[in-house]
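*Asks:* Heads up: the sequence lines are chains A and B, in that order. For the first sequence, the residue numbers in the working numbering are 8 to 701. For the second sequence, the residue numbers in the working numbering are 8 to 701.
In short, the hints are calculated from the structure, not lab data. There's no promise every hint is true.
Heads up, the list lumps identical chains together, so a pair's fine if it works in one copy or across two of them.
To be verified - Below, simulated DSSO-like cross-link-like pairs (lysine-lysine); rule was C-alpha separation at most 30 Å, straight line:
#1 K701 <-> K255
#2 K346 <-> K648
#3 K73 <-> K623
#4 K579 <-> K99
#5 K701 <-> K273
#6 K422 <-> K77
#7 K273 <-> K255
#8 K77 <-> K638
#9 K701 <-> K319
#10 K273 <-> K146
#11 K226 <-> K692
#12 K249 <-> K701
#13 K99 <-> K603
#14 K73 <-> K638
#15 K95 <-> K35
#16 K701 <-> K539
#17 K219 <-> K90
#18 K35 <-> K102
#19 K539 <-> K255
So the chains spell out like this:
There are 2 protein chains.
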Amino acid sequence: MKIKLLLLILLAISFTSRADDGYRLWLKYEAISDQNLRQEYIRYFNGINLQVTSTPIVETAIGELKVGLKGMLGIDKLNQNSKGFIIKTDTKLKKEGFSIQEKNGQLILSGGDDKGILYGIFDLLREIQQKHSLKNISKSESPKIAFRMLNHWDNMNGTIERGYAGASLWKWFELPETIEPRYTDYARANASIGINAVAVNNVNASARLLTKEYLVKVKVLADIFRKYGIKLFLSVNFASPKILGKLKTSDPLDPQVQAWWKAKTKEVYEYIPDFGGFLVKANSEGEPGPQEFGRSHADGANMLSEAILPHKGIVIWRAFVYSPNPNGDRFKEAYNEFKPLDGKFNQNVIVQVKNGPIDFQSREPFHPLFGAMPRTPLSLEFQITQEYLGFTTNVFYQSILYKECLDSDTYSQGKGSTVAKVIDGSLGTNPNLSMIAGVANTGSDRNWTGHLLSQANWYAFGRLAWNHELTSESIADEWVQMTFQTDEKSRKTIQSILLKSRDTYVKFTTPLGLHHIMGHNLHFGPEPWLAKSARPDWSSLYYHRADSVGLGFNRTQSGSQALSLYHPEVQKRWINPKNCELDYLLWFHHVAWNEKLSTGNTLWEELCFRYYSGVKEVEILQKEWQQCEGKINQTLFLDVKGRLAAQHREALNWRDACVLYFQTFSNQAIPASLEKPQRSLEEMKELVEIYQLK
Amino acid sequence: MKIKLLLLILLAISFTSRADDGYRLWLKYEAISDQNLRQEYIRYFNGINLQVTSTPIVETAIGELKVGLKGMLGIDKLNQNSKGFIIKTDTKLKKEGFSIQEKNGQLILSGGDDKGILYGIFDLLREIQQKHSLKNISKSESPKIAFRMLNHWDNMNGTIERGYAGASLWKWFELPETIEPRYTDYARANASIGINAVAVNNVNASARLLTKEYLVKVKVLADIFRKYGIKLFLSVNFASPKILGKLKTSDPLDPQVQAWWKAKTKEVYEYIPDFGGFLVKANSEGEPGPQEFGRSHADGANMLSEAILPHKGIVIWRAFVYSPNPNGDRFKEAYNEFKPLDGKFNQNVIVQVKNGPIDFQSREPFHPLFGAMPRTPLSLEFQITQEYLGFTTNVFYQSILYKECLDSDTYSQGKGSTVAKVIDGSLGTNPNLSMIAGVANTGSDRNWTGHLLSQANWYAFGRLAWNHELTSESIADEWVQMTFQTDEKSRKTIQSILLKSRDTYVKFTTPLGLHHIMGHNLHFGPEPWLAKSARPDWSSLYYHRADSVGLGFNRTQSGSQALSLYHPEVQKRWINPKNCELDYLLWFHHVAWNEKLSTGNTLWEELCFRYYSGVKEVEILQKEWQQCEGKINQTLFLDVKGRLAAQHREALNWRDACVLYFQTFSNQAIPASLEKPQRSLEEMKELVEIYQLK
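Just chain A, same shape as in the assembly (with noise of 0.2 Å):
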């Protein structure tokens, strides 16, 4: 009776108890039922034997281990113990690294400093999420990239850019006096992941954050997430000393332009003392920039850095730069831009390029500044939120992206010289200075990312920055363990699940190498007919090239020659259409309608297959995830179950408006083995033009 009064108490106290709404991610905590397993933990945990100076970090380690310990095993108390669990620094070890070793019954945990002992601590309670045993563990890890950073596209009214998961995190009318508890549990799951570093606002940078009255609020924001290892970074608008310090310029050569700057970033310092530095948008889709002036990237790159190099903060210059050209390949703009300018940056500038060289596309070759730029510290840019990625409503696991492009081999040393090692320093470049950025898919919506088996994304980044060398396999296997809590089969299926998403993706949207034919601004849905937009290069016909003839964009020495960017062994793997890799061959190749391709089947067949099974292989997905029903939490399981079914939806739109699109140029019928679309061209075209009305 009295339980059961308790119970109606709890239950009223929690509205959605029942319910699983996916707040608490990756971190549930729950507990180990096994009894056994659950004693051979709490042994370990019979006390506490701190031998570390107490910092902010080290309590964020020592609450989150009590929250884990209690979570899991029950236990309420860590008192000081010299039996106890071990937790102290190492010299020996790197900054940010960390060992787990099991001697005697003893655990010990060694850190390189306070942050090796907090990622130690969330490793150990990974370890106990997963159940494995502790007996004879001993792990050592250190993270191979210095700044593993989330780069938010939250823009200052609360919307995101490109963001499909709620309104943006921060509430900057309500800060610094309101400090949402949110705040917290989001620097806290970045931590459980390594993530260091995170620029809090949009590229298309608003200069308000420079101004006393916003800096105040920015503050509150670096004081969090200082507790939990993470740097604050602000995008900057390059018109800054225009805008806000009404000069007559931001010419960065101008001596009063360095001195405004050099005084705000003094004035940011004594707000944020650990401040982590700029990012920089500039010269790109009408961001302001020292082009303006006749200068280069490199002279407003390192403008910046002379101000902020005194207070040891770095600077973050983006590559994503296009000129609108229609007769020109935008594959090649960022390289004939920045290649020239290697080894003119100063020591504390990074420059961020995208994976690709299009646009965060579901599948691109690497960018091929990757390995061009020996003495240029790069940072690689992945876009988390789903943009060209099916929103909240297609499952996309992409690790399967991001190790694709780590593992490319640029070979700029030879063999072997993958995107991975020239990111991390191994080839040369100061891996103090190395890094990694995700542009974030997190969002005010209560789950986070609006797609629960999105939570993924945002876990593999933090993961793979951490540990480049881990398996998308073993980072989904870990992610489904703790998000799910439910049997190996299960298990074992959504994993699965997630494995395959990416190649469905790219089968039923773009596939055998189509890019960028998406619906214009909104970049929802397909719109291959695209013809006309406010740049030749954001239209669809630019990219695609359907003619009678055949399909694809000629990138070889008889066409835009972008392939001769990369080292003659990369031009290998994509030169010859007759063995160009089939994902890769509409990037880099026009091929005829009929042409035979190694499948057998011609182009125009092997086309329709592609998009066909991709819709089926939606159905698979759905069928699959049916499974687990009863399984896992009911309401986690009908919230994957309505996207699965959106997803088929929007598999069925791409279907339907590419093959009856590309018919239009190839002629020929769908291949008699496919049931025909039941809706014409002209239905797919008012159906996308639904979705771009206001």
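Following the hints, position chain B against chain A.
*Replies:* This is chain B only, laid out in the frame that chain A set:
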């Protein structure tokens, strides 16, 4: 030990169980701890005696009863029992009405229909939440207004026009397949306060929602709302026949246009058989409308009304129109356009009028159209979202404002012809077509409304829509009791904060009848110096008319003559500057800076005193709130504490900006008893500018 374990598991299930995150609104149903009272209640629910045919709405009511009784009284089962709680219908009661009677220890709830039962159940649970005795209870209620409606200004992309509590609740991309549990929680909250109509999209309307692609999505919401007695309405774009139907015109007298709307309306009813109707903003602020074709608002409304009449739907046509005229007075625009149309609208058309003649200011005289269109049902439109009322950083209990308008006497049919009677049909319009609408303040923020105390505005709107004779005091008392579950002293403190909040806000923003001097576009903070805008009537100078002589808009016979739009008895309230209510003084008069007011102060002195006392009053609100620490949930306490501190910062900004600016006209010192502002006018202008940067 067993209890402990259970507790731990439950705590682990609910990430934030210790925190009250505000999501449950006023429907907390927390356990009644007073054992005597608990037993008293329990006796009434020793079973249930259902004497009513089951309908989906009755099922909703019973479900809610069970949740409430379980939470508050721990009752797990309600078996059918002839001596139990009787629920029945009573055809003598009005539609939507109910009665609750206690006789010989037995409780009887009668409903005029199933919606009456639903409202009766919520009323009964509200009595218990407030710990009122049910002994001898005998009450009978029915709503005074037929359509009690929320208008959502939610856009298709998930943003909300003038929304400050996160993103839209409606996930259009994810519908119809993914159905957020929150849709149900939203409908439930509305039903609990008697709201029975919802227009889901912005009046600056997209045509999207009328397409098949979107109607299947809209249907999902309508199906959920229906179970809670709520009818769904759509805002429609008057140009839809051109946009969707590809017609050459949207002229309401064109037979093709008429046929298009008839067919489209029929289609809407195929998806939603009880669809409520269309809400239209036409020829206002750039929206399309019948005037483009030389037709009147009545022509437009009547054309739509004919399309919807066969389906028993209605048309709500907004009177918020004003042509830009630098020499005119926006005050008179809607009156001049609509008054001549009285009697020309079809029987199923309601004209929707904002509470005041300008635009949702913190205090406005009632709109002169109320009482001026005796042959037209008028809907009264309030804005619950705080566009001009401090966003989510200012407490502003709007019940005070609502009541002021509802109780205003129009004298249209003699003394006592209040606005409330104009809209509820008492003065001769069709009571079945009576309506009141509130622009919703809900969003995806966890607590729905951003500022916790803004939940009281949603609540008060619903309660007054049900019964406009309720007092602001009693509504505040109900809401505070249900929301905070605290001791009487704290309840009184919070109630008092609410009741004072409107006056305080007016004082530090727009005292003495100033209006529309806020920042442009964003409408955040002060900008009395705003001289130019996209339209003359979007500037501040247009409204305050400050000069070396004095301040205020002369709307008497010697000025714009707007005052003459009112009944002579109403004019008496305001016509003489010597005895005009001070709160409306500058609404109607241009008053000399040195004019002595009834307070004994000159206008300039009084203006300064009010701005300063507004700031002081915020400090008092802060101190009073501080007294609640430890008496209410700490998370809620801290959240509101932070917002009050932000309000204080903003109040200082308003005070300093306005006093310093108007001083440039009065050329007088700030009264010696007041501290001088620590900032200059230039500094205030810079500060305001910061919030207007990209």
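*Asks:* The structure should be examined with respect to each hint, and the outcome stated for every one.
*Replies:* The hints, checked one at a time:
1. Taking identical chains as interchangeable, the C-alpha atoms of K701 and K255 lie at most 30 Å apart only when they sit on different chains, with a minimum of 19 Å there against 38 Å within one chain.
2. Within a single copy, K346 and K648 get their C-alpha atoms no closer than 47 Å, and across copies no closer than 54 Å, so neither meets the 30 Å cut-off.
3. Taking identical chains as interchangeable, the C-alpha atoms of K73 and K623 are never at most 30 Å apart, the minima being 47 Å within one chain and 44 Å between chains.
4. For the homomeric pair K579 and K99, neither the shortest alpha-carbon distance inside one copy (44 Å) nor that between copies (87 Å) is at most 30 Å.
5. In the homo-oligomer, the alpha carbons of K701 and K273 lie at most 30 Å apart only across protomers (24 Å), although the nearest pairing inside one protomer, at 44 Å, exceeds that limit.
6. For the homomeric pair K422 and K77, neither the shortest alpha-carbon distance inside one copy (49 Å) nor that between copies (69 Å) is at most 30 Å.
7. With identical chains, the CA atoms of K273 and K255 are at most 30 Å apart within one copy only, with a shortest distance of 22 Å there and 61 Å across copies.
8. Taking identical chains as interchangeable, the C-alpha atoms of K77 and K638 lie at most 30 Å apart whether they share a chain (25 Å) or sit on different chains (28 Å).
9. Proximity of K701 to K319 under the C-alpha cut-off of 30 Å is restricted to the inter-copy arrangement: shortest distance 29 Å between copies versus 46 Å within a copy.
10. In the homo-oligomer, the alpha carbons of K273 and K146 never lie at most 30 Å apart, since the shortest distance is 41 Å inside one protomer and 68 Å across protomers.
11. In this assembly of identical chains, the alpha carbons of K226 and K692 lie at most 30 Å apart only when taken from different copies (24 Å versus 48 Å within one copy).
12. In this assembly of identical chains, the alpha carbons of K249 and K701 lie at most 30 Å apart only when taken from different copies (14 Å versus 34 Å within one copy).
13. In this homomeric assembly, K99 and K603 never come within 30 Å of each other (Cα to Cα): the closest approach is 59 Å inside a single copy and 81 Å across copies.
14. In this assembly of identical chains, K73 and K638 lie within 30 Å of each other by CA distance both inside one copy and across copies; the values are 29 Å within and 28 Å between.
15. In this assembly of identical chains, K95 and K35 lie within 30 Å of each other by CA distance solely inside one copy; the values are 26 Å within and 46 Å between copies.
16. Taking the shortest alpha-carbon separations for K701 and K539, both the intra-copy value of 19 Å and the inter-copy value of 28 Å come in at or below 30 Å.
17. For the homomeric pair K219 and K90, neither the shortest alpha-carbon distance inside one copy (51 Å) nor that between copies (69 Å) is at most 30 Å.
18. When the C-alpha separation of K35 and K102 is checked against a cutoff of 30 Å, the pair qualifies only within one copy, where the shortest distance is 28 Å, while the shortest distance between copies is 49 Å.
19. When the C-alpha separation of K539 and K255 is checked against a cutoff of 30 Å, the pair qualifies only between copies, where the shortest distance is 24 Å, while the shortest distance within a copy is 37 Å.
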